[in-house]
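Sequence order for the protein chains is A and B. Going by this note's numbering, the first sequence opens with residue 1, and the numbers climb by one from there. Going by this note's numbering, the second sequence opens with residue 201, and the numbers climb by one from there.
One or more hints might be untrue.
What the hints assert, rightly or not - Far from chain A, some chain B residues (derived; all Cβ distances over 12 Å): (1) Gln258; (2) Lys294; (3) Asp319; (4) Ser362; (5) His372; (6) Met493.
What the hints assert, rightly or not - Keeping only pairs whose Cα atoms sit at most 27 Å apart, straight-line, the calculated DSS-like set for lysine-lysine is: (7) A:Lys136 to A:Lys61; (8) B:Lys512 to B:Lys442; (9) B:Lys512 to A:Lys165; (10) B:Lys442 to B:Lys358; (11) B:Lys511 to A:Lys165; (12) A:Lys140 to A:Lys61; (13) A:Lys61 to A:Lys165; (14) B:Lys294 to B:Lys312; (15) B:Lys271 to B:Lys312; (16) B:Lys364 to B:Lys257; (17) B:Lys511 to A:Lys108; (18) A:Lys165 to B:Lys271; (19) B:Lys294 to B:Lys364; (20) B:Lys364 to B:Lys271; (21) A:Lys137 to A:Lys61; (22) B:Lys512 to A:Lys108; (23) B:Lys294 to A:Lys165; (24) B:Lys512 to B:Lys312.
What the hints assert, rightly or not - Listed below are several chain A residues computed to face chain B (Cβ distance under 8 Å; list not exhaustive): (25) Ala26; (26) Gly29; (27) Asn34; (28) Val36; (29) Asp45; (30) Trp91; (31) Asp95; (32) Gly97; (33) Leu101; (34) Arg110; (35) Ala166; (36) Asp167; (37) Pro171.
To be clear, the hints were calculated from the coordinates, so they are not data collected in a lab. All values reported here derive from a predicted model rather than from experimental measurement. Yeah, the Cβ is synthetic: ideal placement off N, Cα and C, and Gly gets one too.
Here is how the chains run, residue by residue.
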Amino acid sequence: MLKHPLAKPLFFIFCLLPLLWIVANAVFGDLGANPVETVTHQTGDWALRLLLLTLLLTPLKNWTGNPQWIRFRRMAGLFVYFYAFCHFSIWYLADHGLDVLSMLNDIKDRPYITLGFTAFVLLTPLALTSNRWMMKKLGKHWKSLHRLVYLILVLVIAHYLWLVKADYREPIVYALIGGLLLLLRLPVIRQNLLYKQGVS
Amino acid sequence: MIKIKQKSDLNESEVTPEAIYHKRREFLKYGSMLSSALILNTVSSRLQASVDVTGYKQGVITLDEELTPFKDSTRYNNFYEFGTDKSDPARNAKDFDTSNWSIEVSGACEKKGEFMLEDILQGMDIEERIYRLRCVEAWSMVIPWLGVPLGKVLQTFKPTSSAKYVAFETLHDPTRMPGQQRAVLDWPYVEGLRIDEAMHPLTLLAVGMYGKTMPNQNGAPVRLVIPWKYGFKSIKSIVRIKFTDREPPTTWNLSSPREYGFYSNVNPEVDHPRWSQARERRIGEFFKRETLMFNGYAEEVASLYSGMDLKKFY
Ligand code: HEM
Chain A
1 MLKHPLAKPL
11 FFIFCLLPLL
21 WIVANAVFGD
31 LGANPVETVT
41 HQTGDWALRL
51 LLLTLLLTPL
61 KNWTGNPQWI
71 RFRRMAGLFV
81 YFYAFCHFSI
91 WYLADHGLDV
101 LSMLNDIKDR
111 PYITLGFTAF
121 VLLTPLALTS
131 NRWMMKKLGK
141 HWKSLHRLVY
151 LILVLVIAHY
161 LWLVKADYRE
171 PIVYALIGGL
181 LLLLRLPVIR
191 QNLLYKQGVS
Chain B
201 MIKIKQKSDL
211 NESEVTPEAI
221 YHKRREFLKY
231 GSMLSSALIL
241 NTVSSRLQAS
251 VDVTGYKQGV
261 ITLDEELTPF
271 KDSTRYNNFY
281 EFGTDKSDPA
291 RNAKDFDTSN
301 WSIEVSGACE
311 KKGEFMLEDI
321 LQGMDIEERI
331 YRLRCVEAWS
341 MVIPWLGVPL
351 GKVLQTFKPT
361 SSAKYVAFET
371 LHDPTRMPGQ
381 QRAVLDWPYV
391 EGLRIDEAMH
401 PLTLLAVGMY
411 GKTMPNQNGA
421 PVRLVIPWKY
431 GFKSIKSIVR
441 IKFTDREPPT
451 TWNLSSPREY
461 GFYSNVNPEV
471 DHPRWSQARE
481 RRIGEFFKRE
491 TLMFNGYAEE
501 VASLYSGMDL
511 KKFY
């Protein structure tokens, strides 16, 4: 199924659905009383959800012993960047009216923005080097560079936890999932999983 | 900025959405002919009419700014007693029963006891006041409230000279207010004002908005409206009032003392530690606008705080 020629196009459409949902609601004037806030939250949520999905693919490969899962990793990662970019853009446009100084001040003064912005900046080289050509060119450095994604995950979860006023339920769920995905990378645990699957 | 106008010279169609404008005309037309109870039924049969707001004095304090549409101010609410998402209160407060509402009055006053809301309001003129509402989350609305000046009500309880502050408390009943089943805040919600703030003519004890009884999700049946303070000071669904000689505890201050002070006056120069208060998004607008000192009510209230360091007493 993962190898099916339609698998990738379908996955592409799946990743596009949140955007289509937002656009459809915007067209029908259904984004609520504070559309800017709605779009900021939706794009932030989907950037994070797809980031978690991206990081789930390798454990899935190890679990199932099926390397096909990795085929979806680049597209998922690029969609993370796409939603993060939308998230950043709406904030820069609507909250700062494209004023660079005002934006920089906000990044400097608000720790939760500092964290989100750092995550966004760090995502940029990953998006730029996600193609095959850069992979070849960077060789073994590619892997070390892309390990930044673990730091990015931590930054984003801290970004979310820091902006909550009283109700921590949602960011805690994301933090638990994120923490689990990071745990699965620990050599001891990974070796164990691989061993059980008879892959190693 | 605030104009006290006569009903006759207020051009209402300028500030009121069409539908409400027409509804109001109906009110006036039928007001003299029918009993008030009957009118309430024609306006909305779903409202629990524990407070009769018909025949209110229109446009006593008004504002030349566009009203926030009723559908936005009733679907975008911070009322954690009914859930933490802004869309929760409209859904979860639908069946909240506010009939037979009473308020317990205690502390430094002569007339203590438990009073029915109708009795408290008995003989008082309900006025319409159009105020800006500025939330601490940096968004704002313009809302036509109905109510009576809080000071007038408080006077009837005859506060004594040791009444330096007034404390307020929201209903605590997790079966009726499902949001209270989780300890997101330390229930019941409590708030407080200095006595001069409470007695200030702008401070309103509100029982309605947009010409109607207060919708449940907006703090039915009775709430405060203190237009120069962040929205969370305007406590909703009040069941207790206590006069005290000491600054009373307030819920958001207990939750995060560094972020929410007792005064919480709207002040563009004092930022919330996590976000800026210099600008706000008016609901319905895309870009942010400048936040005004004391939410635009400096002329009326700045003198209450003369000599105080507002950075320290935030
Ligand atoms: C340029 C960098 C960023 C800026 C300026 C930024 C800004 C914001 C703002 C203003 C909010 C809303 C806060 C509120 O309503 O109180 C927010 C929420 C959020 N952001 Fe970011 N952010 C950035 C980067 C990111 C990145 C890279 C991600 C994920 C990959 C992310 C995920 C989230 C999430 C999950 C939320 C919470 C949404 C919700 O409450 O439903 N942000 N961000």
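Evaluation of the provided hints:
{"no.": "1", "hint": "Gln258", "in the structure": "holds (25 Å)"}
{"no.": "2", "hint": "Lys294", "in the structure": "holds (18 Å)"}
{"no.": "3", "hint": "Asp319", "in the structure": "holds (35 Å)"}
{"no.": "4", "hint": "Ser362", "in the structure": "holds (34 Å)"}
{"no.": "5", "hint": "His372", "in the structure": "holds (17 Å)"}
{"no.": "6", "hint": "Met493", "in the structure": "holds (20 Å)"}
{"no.": "7", "hint": "A:Lys136 to A:Lys61", "in the structure": "holds (22 Å)"}
{"no.": "8", "hint": "B:Lys512 to B:Lys442", "in the structure": "holds (26 Å)"}
{"no.": "9", "hint": "B:Lys512 to A:Lys165", "in the structure": "holds (22 Å)"}
{"no.": "10", "hint": "B:Lys442 to B:Lys358", "in the structure": "holds (12 Å)"}
{"no.": "11", "hint": "B:Lys511 to A:Lys165", "in the structure": "holds (21 Å)"}
{"no.": "12", "hint": "A:Lys140 to A:Lys61", "in the structure": "holds (21 Å)"}
{"no.": "13", "hint": "A:Lys61 to A:Lys165", "in the structure": "violated (38 Å)"}
{"no.": "14", "hint": "B:Lys294 to B:Lys312", "in the structure": "violated (32 Å)"}
{"no.": "15", "hint": "B:Lys271 to B:Lys312", "in the structure": "violated (39 Å)"}
{"no.": "16", "hint": "B:Lys364 to B:Lys257", "in the structure": "violated (31 Å)"}
{"no.": "17", "hint": "B:Lys511 to A:Lys108", "in the structure": "holds (21 Å)"}
{"no.": "18", "hint": "A:Lys165 to B:Lys271", "in the structure": "holds (25 Å)"}
{"no.": "19", "hint": "B:Lys294 to B:Lys364", "in the structure": "violated (37 Å)"}
{"no.": "20", "hint": "B:Lys364 to B:Lys271", "in the structure": "violated (39 Å)"}
{"no.": "21", "hint": "A:Lys137 to A:Lys61", "in the structure": "holds (25 Å)"}
{"no.": "22", "hint": "B:Lys512 to A:Lys108", "in the structure": "holds (23 Å)"}
{"no.": "23", "hint": "B:Lys294 to A:Lys165", "in the structure": "holds (25 Å)"}
{"no.": "24", "hint": "B:Lys512 to B:Lys312", "in the structure": "violated (35 Å)"}
{"no.": "25", "hint": "Ala26", "in the structure": "violated (12 Å)"}
{"no.": "26", "hint": "Gly29", "in the structure": "violated (11 Å)"}
{"no.": "27", "hint": "Asn34", "in the structure": "holds (6 Å)"}
{"no.": "28", "hint": "Val36", "in the structure": "holds (7 Å)"}
{"no.": "29", "hint": "Asp45", "in the structure": "violated (13 Å)"}
{"no.": "30", "hint": "Trp91", "in the structure": "violated (11 Å)"}
{"no.": "31", "hint": "Asp95", "in the structure": "holds (6 Å)"}
{"no.": "32", "hint": "Gly97", "in the structure": "holds (6 Å)"}
{"no.": "33", "hint": "Leu101", "in the structure": "violated (13 Å)"}
{"no.": "34", "hint": "Arg110", "in the structure": "holds (6 Å)"}
{"no.": "35", "hint": "Ala166", "in the structure": "holds (5 Å)"}
{"no.": "36", "hint": "Asp167", "in the structure": "holds (4 Å)"}
{"no.": "37", "hint": "Pro171", "in the structure": "violated (12 Å)"}
In the structure shown, a violation is registered for the earlier hints numbered 13, 14, 15, 16, 19, 20, 24, 25, 26, 29, 30, 33, 37, in ascending order.
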